[in-house]
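Residue numbering for the sequence shown follows the numbering used here, beginning at 2 and increasing consecutively.
No lab work stands behind these hints: they were computed from the structure.
It should be emphasised that the depicted structure is a prediction, and the values quoted were computed from it without experimental measurement.
Backbone N, C-alpha and C fix where the C-beta goes; we use that ideal spot for every residue, glycine too.
Hints may contain errors.
Unchecked claim - Straight-line Cα separation of at most 30 Å, DSBU-like style, residue types lysine-lysine; simulated pairs:
#: 1; residue 1: 270; residue 2: 218
#: 2; residue 1: 73; residue 2: 50
#: 3; residue 1: 183; residue 2: 218
#: 4; residue 1: 31; residue 2: 73
#: 5; residue 1: 270; residue 2: 100
#: 6; residue 1: 31; residue 2: 100
#: 7; residue 1: 100; residue 2: 50
#: 8; residue 1: 73; residue 2: 109
#: 9; residue 1: 89; residue 2: 43
#: 10; residue 1: 73; residue 2: 100
Stated by the list, open to error - Derived Cβ-Cβ restraints for the label pairs, each shown as a range:
#: 11; residue 1: 261; residue 2: 189; range: 30 to 40 Å
#: 12; residue 1: 327; residue 2: 262; range: 19 to 29 Å
#: 13; residue 1: 43; residue 2: 261; range: 18 to 28 Å
#: 14; residue 1: 24; residue 2: 232; range: 49 to 59 Å
#: 15; residue 1: 130; residue 2: 315; range: 36 to 46 Å
#: 16; residue 1: 307; residue 2: 59; range: 46 to 56 Å
#: 17; residue 1: 47; residue 2: 17; range: 46 to 56 Å
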Amino acid sequence: MTDNSATILVVDDNPANIDVLNGILRPTYKVKAAVNGELALKIAQGQPKPDLILLDVMMPGMDGHEVCRRLKSNPRTSDIPVIFVTAKSQVEDEAIGFKLGAVDYITKPVSVPIVQARVRTQLALYNQQRELSHMVAQRTAELETTRVEIIRRLGRAAEYKDNETGMHVIRMSYYSRMLAQKVHANQDWVELLFDAAPMHDIGKIGIADAILMKPGKLDHGERQEMQRHVEYGADILGSNDSPLLSLAREVCLYHHEKYDGSGYPHGTKGDDIPLSARIVTIADVFDALTSERPYKQAWSYEQAIEYLQQNAGNTFDPALVVAFSQCEPQIRQIMSQYNDAHEDEIYGNNL
Numbered sequence: 002m003t004d005n006s007a008t009i010l011v012v013d014d015n016p017a018n019i020d021v022l023n024g025i026l027r028p029t030y031k032v033k034a035a036v037n038g039e040l041a042l043k044i045a046q047g048q049p050k051p052d053l054i055l056l057d058v059m060m061p062g063m064d065g066h067e068v069c070r071r072l073k074s075n076p077r078t079s080d081i082p083v084i085f086v087t088a089k090s091q092v093e094d095e096a097i098g099f100k101l102g103a104v105d106y107i108t109k110p111v112s113v114p115i116v117q118a119r120v121r122t123q124l125a126l127y128n129q130q131r132e133l134s135h136m137v138a139q140r141t142a143e144l145e146t147t148r149v150e151i152i153r154r155l156g157r158a159a160e161y162k163d164n165e166t167g168m169h170v171i172r173m174s175y176y177s178r179m180l181a182q183k184v185h186a187n188q189d190w191v192e193l194l195f196d197a198a199p200m201h202d203i204g205k206i207g208i209a210d211a212i213l214m215k216p217g218k219l220d221h222g223e224r225q226e227m228q229r230h231v232e233y234g235a236d237i238l239g240s241n242d243s244p245l246l247s248l249a250r251e252v253c254l255y256h257h258e259k260y261d262g263s264g265y266p267h268g269t270k271g272d273d274i275p276l277s278a279r280i281v282t283i284a285d286v287f288d289a290l291t292s293e294r295p296y297k298q299a300w301s302y303e304q305a306i307e308y309l310q311q312n313a314g315n316t317f318d319p320a321l322v323v324a325f326s327q328c329e330p331q332i333r334q335i336m337s338q339y340n341d342a343h344e345d346e347i348y349g350n351n352l
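Work the whole structure out from these sequences, hints included.
Printed below as a string of structure tokens:
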């Protein structure tokens, strides 16, 4: 085994089964173990992230099927290949596993050559997939640049009707990407979020100027109409198969939800709020606080961080607030590099 060996996570409630798999894998790979589903999910989101997971099905509490379902629904772990290792060998059982996103199925008692071959094959496929993704990303760089520019201009169109500057959508996009990377979301999703974040308030295009630009406090009816910008944004982006537009629509709909359930439009609570929106909410609010506007002075970095911390658990995801607070050097660099004085340099004078 070398320092570059792949990391395998073995999940089984029976220590004897873990010992067997550990003995098979340890000479070639780095092996981590979990005796229940909760611990497996925690390890899978840690660093270094496992390159492959061998997962038992029949476990007390959270069974392997539920563990796999949660792994595949979380952007931080969705790309990790899962092999079920179980005594359940009926065709129906295998069909369930593959439907949940598993890449292979090994029955107990395990065969040493089969385990070694299946693990080797799936790791090779995983590495090929990552390399192919890298090649595709390189070859489509020019198209990506054009697409991102169009997206930023769309975001700028929404900000044009508001008191924000065009640099707001750039800064909050960089904050969103930074925070997504900090919590170890997979890189493809991180870049999608970076591109989707500028469209979070595109629904403001549908709000009447009399409400959007009103200098005083909104009345109840005006406030309700203002809140509808999240629905307008979702309508503008529509329902389609584009991963980018789907994520942007998700951000539009949920970025005004609050962690304690007191937000809008649906009163969604806690981790039921998509991770994308929980991240964008922090990025958006932080930038609004630290930016100067006609109606307010810019808050200091320290004041804005204190506000996030004071409202962690009610408005904001407390774990994400902690992660964001740990990124001070990156945050200050973004604040400096993309300050409002550079707007003409970024967008040009003809916007």
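Open item on the list: So if I understand the rule, the pair passes when the alpha-carbon distance is 30 Å or less; does residue 100 with residue 50 pass?
Closed with: Holds: residue 100 and residue 50 sit about 23 Å apart, inside 30 Å.
TODO: Take the C-alpha atoms of residue 31 and residue 100, compute the straight-line distance between them, and say whether it is at most 30 Å.
DONE: holds (28 Å)
Task: Pair hint outcome, residue 270 versus residue 100 [Cα-Cα no greater than 30 Å] - done: holds (28 Å)
Task: Consistency of beta-carbon spacing, residue 17 to residue 47, with hint 46 to 56 Å - done: violated (25 Å)
- [ ] Would you check the hint for residue 89 and residue 43, treating anything up to 30 Å between C-alpha atoms as holding?
- [x] Holds, at roughly 25 Å.
- [ ] Below or equal to 30 Å on CA atoms is what counts here, so check residue 73 against residue 109.
- [x] Measuring from Cα to Cα gives roughly 24 Å; hence the hint holds.
Task: Restraint check for residue 31 with residue 73, where alpha carbons must lie at most 30 Å apart - done: holds (22 Å)
Open item on the list: Does residue 218 sit within 30 Å of residue 183, going by the straight-line distance between their CA atoms?
Closed with: Outside the cut-off at roughly 37 Å; violated.
Open item on the list: Would the hint linking residue 73 and residue 100 be met if the CA-CA limit is 30 Å?
Closed with: Satisfied, since the Cα-Cα distance of roughly 11 Å is no more than 30 Å.
Open item on the list: Taking 36 to 46 Å as the stated bounds, is the beta-carbon spacing between residue 130 and residue 315 within them?
Closed with: holds (40 Å)
- [ ] Kindly confirm whether 46 to 56 Å is satisfied by the beta carbon distance between residue 307 and residue 59.
- [x] holds (48 Å)
Task: residue 262 and residue 327 - C-beta distance against the hinted 19 to 29 Å - done: holds (26 Å)
When held up to the earlier numbered hints, the structure conflicts with 3 and 17 and fits the remainder.
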